[in-house]
Amino acid sequence: LSASGELGNAAALMPDRLAPAWGATAAAFRRDAERLREMEREKEEEERSRREEALRLQREAALEQERSQWRTELTELASKAASAEQRLSQAHASCKDTELRAQQLIESEEQQRET
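Count the sequence shown with our numbering and you get residues 210 to 324, in order.
Note that these hints are calculated values from the structure, not bench results.
Certain hints may be false.
Cβ-Cβ distance ranges computed for the label pairs, FRET-style [unchecked claim]:
| id | residue 1 | residue 2 | range |
| --- | --- | --- | --- |
| 1 | Arg296 | Glu318 | 44 to 50 Å |
| 2 | Arg259 | Ser292 | 48 to 54 Å |
| 3 | Ala287 | Arg250 | 52 to 58 Å |
| 4 | Arg259 | Gln295 | 50 to 56 Å |
| 5 | Gln321 | Arg296 | 33 to 39 Å |
| 6 | Arg280 | Glu249 | 30 to 36 Å |
| 7 | Ser292 | Glu256 | 51 to 57 Å |
| 8 | Glu256 | Gly232 | 49 to 55 Å |
| 9 | Glu285 | Glu255 | 28 to 34 Å |
| 10 | Gln295 | Glu318 | 32 to 38 Å |
| 11 | Ala230 | Leu264 | 35 to 41 Å |
| 12 | Glu251 | Ala271 | 26 to 32 Å |
| 13 | Glu316 | Ser277 | 43 to 49 Å |
Even glycine gets a Cβ: it sits at the ideal position worked out from N, Cα and C.
Go ahead and model the full structure; you've got the sequences and the hints to work with.
Structure below.
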């Protein structure tokens with residue numbers, strides 16, 4: 210039996226002059242029980258909210274870690290691309306220099322043939 214039910218049974222056994230007091234006590238007890246249930250619901254809701262927030266923060270941390278890894282990888286790739294671009298530029302300059310020397314050599318050989 211619930212406590213409020215026991216109070217109701219006890220009130221039935223008491224003299225009539227005590228019935229109003231028992232009734233008021235039973236009503237107060239029911240109100241208190243309802244307040245306690247409401248407090249439990251609020252506590253459960255707060256706990257659920259805390260768990261959801263913890264999960265959200267955990268997901269955000271995992272995403273931030275992944276973004277950090279991507280940034281690191283992109284930085285490394287950008288560095289490699291810059292290095293490759295520099296080597297390409299040097300190779301291009303070397304080709305131009307070789308082409309210029311070859312052209313000068315051809316012209317020099319043509320001048321020697323003419324003389």
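Now for the hints, and whether the structure bears them out:
Separation of arginine 296 from glutamate 318 is about 32 Å and departs from the stated range, judged on CB atoms against 44 to 50 Å. In this structure the supplied range 48 to 54 Å holds for arginine 259 paired with serine 292, their Cβ-Cβ distance being about 49 Å. Against the hinted window of 52 to 58 Å, the Cβ-Cβ separation of alanine 287 and arginine 250 comes to about 54 Å, which satisfies the hint. Judged by the Cβ atoms, the range 50 to 56 Å given for arginine 259 and glutamine 295 holds: they are separated by roughly 53 Å.
Our hint of 33 to 39 Å for glutamine 321 and arginine 296 holds, since their Cβ atoms are close to 37 Å apart. Remark: the range hint 30 to 36 Å for arginine 280 to glutamate 249 is contradicted by a beta-carbon distance near 46 Å. Taking 51 to 57 Å as the suggested C-beta distance range, the pair serine 292 and glutamate 256 conforms, at roughly 54 Å. Evaluation of the 49 to 55 Å hint for glutamate 256 and glycine 232 yields a failure: the beta carbon distance comes to about 36 Å.
At roughly 45 Å, the beta-carbon separation of glutamate 285 and glutamate 255 lies outside the given 28 to 34 Å, and the hint is violated. Hint check: glutamine 295 to glutamate 318, Cβ distance near 35 Å, so the stated range 32 to 38 Å holds. The beta-carbon spacing between alanine 230 and leucine 264, approximately 51 Å, falls outside the hinted interval of 35 to 41 Å. Glutamate 251 and alanine 271 have their C-beta atoms about 30 Å apart, which keeps the hinted 26 to 32 Å range intact.
Separation of glutamate 316 from serine 277 is about 58 Å and departs from the stated range, judged on CB atoms against 43 to 49 Å.
In the structure shown, a violation is registered for the earlier hints numbered 1, 6, 8, 9, 11, 13, in ascending order.
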